[in-house]
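Line by line, the protein sequences are chains Y and B. Numbering of the first sequence is given in the working numbering, commencing with residue 1 and proceeding in unit increments. Numbering of the second sequence is given in the working numbering, commencing with residue 1 and proceeding in unit increments.
Since the hints were made in silico from the structure, they are not lab data. Don't take each hint at face value.
Claimed, not checked - Derived lysine-lysine pairs resembling DSS-like cross-links, with alpha carbons at most 27 angstroms apart:
#  : chain 1 : residue 1 : chain 2 : residue 2
1  : Y       : Lys58     : Y       : Lys89
2  : Y       : Lys118    : Y       : Lys159
3  : Y       : Lys91     : B       : Lys159
4  : Y       : Lys118    : Y       : Lys92
5  : B       : Lys91     : Y       : Lys118
6  : B       : Lys4      : Y       : Lys156
7  : Y       : Lys4      : B       : Lys156
8  : B       : Lys92     : Y       : Lys156
9  : Y       : Lys159    : B       : Lys80
10 : B       : Lys118    : Y       : Lys156
11 : Y       : Lys159    : B       : Lys118
These numbers come from a predicted model, not from an experiment.
2 protein chains.
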Amino acid sequence: MKEKGLILIFTGNGKGKTTAALGMTMRAAGHGMRTCFIQFIKGSWKYGEMEAMARFHKEIDFHVTGRGFTWKSDDLEKDKAAARKAWEKAKKVIQSGEYHTVVLDEFTYLLRYDIIDKEDVLEVLRGKPADLHICITGREALGELIELADLVTEMKPIKHPYQKGVKAQKGIEF
Amino acid sequence: MKEKGLILIFTGNGKGKTTAALGMTMRAAGHGMRTCFIQFIKGSWKYGEMEAMARFHKEIDFHVTGRGFTWKSDDLEKDKAAARKAWEKAKKVIQSGEYHTVVLDEFTYLLRYDIIDKEDVLEVLRGKPADLHICITGREALGELIELADLVTEMKPIKHPYQKGVKAQKGIEF
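Start from the sequences, fold in the hints, and give me the full structure.
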């Protein structure tokens with residue numbers, strides 16, 4: 001009997017959402033299962049995760065989509081177009097049947113800011129291959145997304161070093 | 001100038017604590033940084049993370065300590081003794097200066113259930129090498145531990161598949 005594929009969401013304002021998705025991906029890869037990790041926001045290829053992912057090049061496909069959608073955009077419309085194109089790609093990946101897990105990293109923003117159509121997303125998620133796991137990360141996940149999900153964890157910040165004036169640390173934050 | 005090493009805590013009852021620590025460890029390893037991951041509770045060597053870790057055998061040292069401390073113990077005193085021995089080992093690892101990051105996975109229970117001495121733990125953490133990052137995971141982190149930490153995220157369960165009667169999934173939960 002095939003497994004039931006879950007829809008998992010890591011949301012909230014705290015640290016650890018992408019990191020948990022990353023850990024989940026590498027754990028699945030450790031089982032020899034194929035995973036596709038699609039990063040919707042972070043545009044840089046310099047992150048340590050890229051190097052870590054490279055160890056699993058047979059099991060993990062990693063995509064940083066388009067220009068990446070950023071908060072300090074010089075061209076918001078271009079970023080939005082890239083995000084929409086990224087979602088079209090993600091749809092194909094979800095429907096391909098080639099993966100054990102698909103991660104849509106920092107995806108919630110696309111819905112929260114109405115960059116892509118909510119009904120389209122819900123329909124694709126409802127119609128996903130039965131055994132596919134989908135993991136979505138990002139702040140402020142929509143209620144409809146939470147409703148649809150099997151597992152939702154809110155990463156809640158209790159304490160953050162930036163409050164103490166400590167800068168981001170290589171190997172920890174990126 | 002050396003980095004300031006942080007004390008990070010992933011606590012709360014939700015999913016993603018160990019997974020985030022795992023992701024952090026592999027990200028640091030992706031930067032070529034050495035990490036020591038000490039598992040205080042889970043005793044099995046069958047987990048996908050073990051296989052994932054093996055890809056980083058040069059950067060990550062992984063320890064499953066003693067018998068492992070379990071909730072269905074047939075010999076609680078033996079488990080406690082093993083946990084205490086594990087903490088002695090962890091102290092040496094912390095003080096060795098050989099690592100960029102040390103993860104004490106599911107460590108909070110040892111304090112919560114008074115298996116090891118709280119003052120000893122706080123002293124070791126306060127006296128850690130200045131550039132060492134320490135990541136502690138587990139439910140119900142003590143207030144004194146949170147007080148000492150630089151970054152604390154509470155993983156808060158919003159929804160869990162077991163509530164729906166779905167069993168643990170290979171590659172997702174383990």
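- Task: Please flag the earlier hints that this structure goes against, numbers listed from lowest up.
- Result: As far as the earlier hints go, 2, 5, 8, 9 are violated by this structure, in ascending order.
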